[in-house]
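Mind docking chain B on chain A? Use the hints.
Line by line, the protein sequences are chains A and B.
Per this note's numbering, the first sequence starts with residue 1, numbered consecutively.
Per this note's numbering, the second sequence starts with residue 1, numbered consecutively.
These are calculated hints, taken from the structure and not from any lab test.
Everything numeric in this text was worked out from a predicted model, so none of it was measured.
Where hints are given, some of them may not hold.
Some residues of chain B that are not near chain A, with every Cβ distance over 10 Å (derived) [what the hints assert, rightly or not]:
no.: 1; residue: 49
no.: 2; residue: 89
no.: 3; residue: 197
no.: 4; residue: 199
no.: 5; residue: 218
no.: 6; residue: 254
no.: 7; residue: 262
no.: 8; residue: 296
no.: 9; residue: 297
no.: 10; residue: 389
no.: 11; residue: 415
Under the rule of at most 27 Å between Cα atoms (straight-line distance), these lysine-lysine pairs were calculated in the DSSO-like manner [unchecked claim]:
no.: 12; chain 1: A; residue 1: 404; chain 2: A; residue 2: 272
no.: 13; chain 1: B; residue 1: 257; chain 2: A; residue 2: 61
no.: 14; chain 1: A; residue 1: 110; chain 2: B; residue 2: 347
no.: 15; chain 1: A; residue 1: 110; chain 2: B; residue 2: 391
no.: 16; chain 1: B; residue 1: 391; chain 2: B; residue 2: 347
no.: 17; chain 1: B; residue 1: 103; chain 2: B; residue 2: 347
no.: 18; chain 1: A; residue 1: 110; chain 2: B; residue 2: 97
no.: 19; chain 1: A; residue 1: 425; chain 2: A; residue 2: 413
no.: 20; chain 1: A; residue 1: 272; chain 2: A; residue 2: 61
no.: 21; chain 1: B; residue 1: 97; chain 2: A; residue 2: 108
no.: 22; chain 1: A; residue 1: 108; chain 2: B; residue 2: 51
no.: 23; chain 1: A; residue 1: 481; chain 2: B; residue 2: 97
no.: 24; chain 1: A; residue 1: 58; chain 2: B; residue 2: 449
no.: 25; chain 1: A; residue 1: 60; chain 2: A; residue 2: 108
no.: 26; chain 1: A; residue 1: 339; chain 2: B; residue 2: 97
no.: 27; chain 1: B; residue 1: 58; chain 2: A; residue 2: 681
no.: 28; chain 1: B; residue 1: 199; chain 2: A; residue 2: 60
no.: 29; chain 1: B; residue 1: 199; chain 2: A; residue 2: 339
no.: 30; chain 1: B; residue 1: 362; chain 2: A; residue 2: 108
no.: 31; chain 1: A; residue 1: 108; chain 2: B; residue 2: 257
no.: 32; chain 1: B; residue 1: 391; chain 2: B; residue 2: 103
no.: 33; chain 1: B; residue 1: 51; chain 2: A; residue 2: 681
no.: 34; chain 1: A; residue 1: 444; chain 2: A; residue 2: 425
no.: 35; chain 1: A; residue 1: 272; chain 2: B; residue 2: 97
no.: 36; chain 1: B; residue 1: 257; chain 2: A; residue 2: 596
no.: 37; chain 1: B; residue 1: 97; chain 2: A; residue 2: 112
no.: 38; chain 1: A; residue 1: 368; chain 2: B; residue 2: 449
All residues carry an ideal CB built from backbone N, CA and C; glycine is no exception.
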Amino acid sequence: MQRWVPLFFLIVLMPASVVKLPAEEIKAQQFSDEQIEFFESKVRPLLSQHCFECHSGKAKKLQAGLRLDSRVLAIEGGDSGAAIEPGKPAESLLIESIRWQAYEMPPKGKLKDSEIAVFEKWISDGAAWPDDQTIAEHIHTSGYDWKKWRSKHWSFQPVTLPDPPEVQRETWIQSDLDRFVLARLEAAEISPAPAAEPGELVRRIYFDLIGLPPSPQQVESFLGAWENDSRQAVSSLVEELLASPHYGERWGRHWLDVARYSDGYGGFLDNKANSEAWRYRDWVIQALNDDLPLDEFLKLQIAGDLTGSRDDAVATGFFALGPTYRSDGGDPDSVAQAKAETLSDRLDTLGRGMLGLTLACCRCHDHKFDPLPQQDYYSLAGVFNNTNVVEHPLVDQEIVDRYKQHQQAIQEKTQQINKLNQQIKQEKRELTAEEQQSLDSWNKELEDLKQTAPPKYEFAHSLRDTGSADMQVAIRGNLRKPGEPAPRRFLQVLSEGDPELFLEGSGRRQLAEAVVDEENPLTSRVFVNRVWMHHFGKALVRTPSNFGSLGEQPTHPRLLDWLTATFLEQGQSLKALHRTIMLSSTYQMSSRFDEKAYAIDGDNRLIWRMNLSRLDAESWRDALLSVTGELDMRRGGPPVDRIDNPRRTVYFKVSRNGDVFATDEFLRRFDFPLMRATIDKRPTSIVPQQFLFLLNSQFMTDRARALSARLAQDSASDEQRIRQAYEMLYQRPASAEEVEIGLSFLQELGETPQGLTAWQQYAQILLSANEFMYLK
Amino acid sequence: MFHQNPLPPLSRRDMLTRIGAGFGSIGLAGVLSESNLLAVPQQVETPLSVKAPHFAPKAKHVIQLFMPGGPSQVDTFDYKPQIGLNAGQRPELVDRKSLRNTKNGLMPSPFKFRQYGECGQWVSDIFPHVAECVDDICFIHSMHTDIPEHAGAMMMMNVGHLQPSRPSMGSWLTYGLGTENQDLPGFVAMSPRAQPRCKLANWGNSFLPGAYAGTYVNIHDMKPDQILHDLKNQHLARIDQRRQADLLTRLNQLHLKEQQRDQQLEASIQTMEMAFRMQFAVPEAFDTQQETQSTLEMYGDSEYAKGCLLARRLVERGVRCIQLSHSIDGYDIAWDTGHNDIAGGHKRLAEACDQGIAALIKDLKQRGLFEETLVIWGGEFGRAPTSEGQKGRDHDHYGFTVWMAGGGVKGGMSYGSTDEFGLSAVENRVHVHDLHATVLHLMGLDHEKLTFRYSGRDFRLTDVHGNVVTEILA
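Okay, chain A solo, but in the shape it has when bound (with noise of 0.2 Å):
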């Protein structure tokens, strides 16, 4: 196998060979004076003016492949096979290019008749060129040196369970985790922050782990516990939270993220909605909820259909709510550009989400950075090649053969109805007596079958299996141009020796196996990493979907694989990963400032503080109507798609595109991110539009009333509210300061005479302020 790859991997990375081509072929040809002379004057003039720009060695970047400055070149040709046969015009493509009939080529403008002439000449009398010098600089490659690669790129290396460093100061380590980060901020000389309040702490473990803030009683009920043990207070408020069903919610959310998972509505060429796609993610709040081991919640959504168990294949929303494209007019170019498309959104969110590949970059050309060869890609493709996304009855087959057999029956009186309708208006004649009374009794029963139809039975979107063929290299992505086979089978790079065939229907059984073994290096990586990141607001390895050569390296590889190593021992359990990183003292640092650790790491890559984090639009809102007391707790069912709908935001409807609800619109303006490809990380922009939101629109003054209202129930005096207010939303009592500030803006205003009342406008800066929004 040949291919062409960056000349920086020849020497770094990779064993070059010369290529081997038929002997006749290297030799350099005899040609007479005149055929070289009329190459020399006509032709090469023609293809340096018109041709070299793209296809020598001199171009740019190199296009189709093709270099045009060899004769051997031209002849081998690029990525459509070869450009000329000598002595054949009418079988060169590149004659059929310069008439424009295969390609338009050259782009800028078709050449003139006599220039083409001059092309089907030369060809003709066979091609004549002088001596070929620049076959010896034609490198290609014999293929990946995949041991190298598998021993030289970090993430490709095998897990370990390093041992952890000795520290000097003892005392501050909880956990062994405490050591990894400890030794590094030890040797740059920094020390790690103080440890966060225990009034900070409790309003950081709620939001991480259940996304909603601990009410004055439960803040109240840790500082006691906190008082007596404060190792034992954490530990007993992690495994209070960690059981309850809202912790589903919360990391759910992270996951779905990562699922790219919305309700459908896409667009033009994929708008259709999918009305059932929270039951995935129900689905994937309940497998969370019930700690779920890694392998098996991996497993099941990329074969969950597979598994025999007819709930199971709900999980398989996890590729099934993507965007699956439709040609807009039909045409055979369109039709596979829409397949290519949809192939490239389940690569990429396997890849990405899963593996932390960028394994959608080698659609059309072999990875520029990457061992992921192009055949690769279409080795995985192949098996989404075999996959159809279809509805999957989640009820007995009895109920769905009685739903579709009722509405067959109104199909066919509806036709019945139709035909005489269409009979009568072709013969353009009035009913008779007999047919009208049959038409009244087909209109009565007709009726009468969709008075007592039964409703649609219950349905997940979800994955099937429609065949077991193997794809080929699309040529630079163009499945109209097929190259080589594609075997399906796993990536090369993760598989010693020769990978096992996918050969069992689609293949997605075998490739979830692969995904989730223990010897894959990848997959519980990337899973700890995310974990990491949410935990801390930034991760370890800041790329967290690409663990390939242009991703970061971890700031700790050594924490990481630790990490890693310790959840793989146990069994894989997500809960258990929460527990090693909360019970340390690295999670339970403060995020104070301080001068000297921000000019040695102002990024904080050492870990030497808690990040400072804004939360997210969900945990935002959820906090809004909690801290009112209006928040709808209630778990799963069909999305919501207004606002001021009180369930928790994890519940909204989301379209793919961002642009259809209302709900899509407060999202995106807080920075949820377009669910149109997996997600790695949340960003945090700061626009004028949040703050419109906070100090212009109904959501907010609906909450300030109702957070008034609330104060007002149990406070006398408005000294008291404030201070209530404080304990309330931001879990600390209020400073003198800050009650002088609040009393001050109250008594100033008195009575406004419209629209909201001092204590309004008061209960809606409180809530707009950004302690509110931030996490220490």
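Here is chain B on its own, set in the frame of chain A:
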């Protein structure tokens, strides 16, 4: 305790006095900096702050007059007398695949063409006003694109890719350059009634940060104080709003002080002030009532003309990019009526935009804005010189016309050409990627350097394509 407060609240009277002195321009930042109480620097970088271009730009603003549906080049600006001479025939040159693979012969344009200006550009009778401006316009007759389908071709024209999964050109421009007026959106997309097909994708930010998304305005039912969501406070008088905003800043200052240093918290305090000013700056910018009678008359009273006038007002106020799409009858690919009826459909569409477009060019010139504003006119593709049915034309992606005027392009110029019947671009062909590269170049950006890392690789508006059309640069 009150007297020890380092930041005493302003009294109601103080506020009133200061508000009387000019509200929008001062705001809290001004008040506090006077008293030297503001802890944060005056200007923090926000996503839309002005950024330096790669090299000296020729233009600072872009107004894209987008014609969805595909206006026919041979009935507007690409005069082909050979069609009339060979009417009904189907020469080999035009025997190329079309969307519906129509097999009909050449159909002469139902419109008369005349020459205009010193450059002698031929323009059909349906654009009499634009015809008067030809000496300021550079016509590119050799445009071509990848496919003859609306959605894909529209995406190609507006986001540089056949699928709707990339940032729009306006998003790229505001990402690359920021915008001059922080009180207005940096990128505004407008259309009368119907949004162009693919809607938001035409002005969407895709994977670029949210700050670079276009703000969409429907010219038909636009209310200046509702241009943005939640622009207007429904409950409070301006003075009470100001007091509320001041309280918020005060609390956020305290929070920042405790945190000591944090760029995001600093930026958020500044951004709140921007939002506050937007409430008044945006309705002002969109209020065409302030224009003189003669200006209003110059533009005429079509909805598209109103969009043209708004575009000028926005450019005047420093908005970076405006995309103004055409539509009549609420149709999202208006020029597509060309399938059935060129004579009637194209005439109505041209009438609805011709005067406004010409007025925009003249108005920009008389206000000295023409040199710094790049105006681009065109659809996603053109229409074939052969007929579809009796009176219509099918899609043509092999060749079509786009024109540009203003900042940095030569006026009175025709660049490139289609074949003698106007079907395919043959000379000096310009792909949409080349057009994008050229627009970015005029704005001072190197299309190969304006990149954004996403999904593991660097993305560009021009993907891996695009050459600047240097011949048309002034």
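**Report entry** Numbered hints the structure breaks, given as an ascending list
**Finding:** 3, 4, 6, 7, 13, 14, 15, 20, 22, 27, 28, 30, 31 and 35
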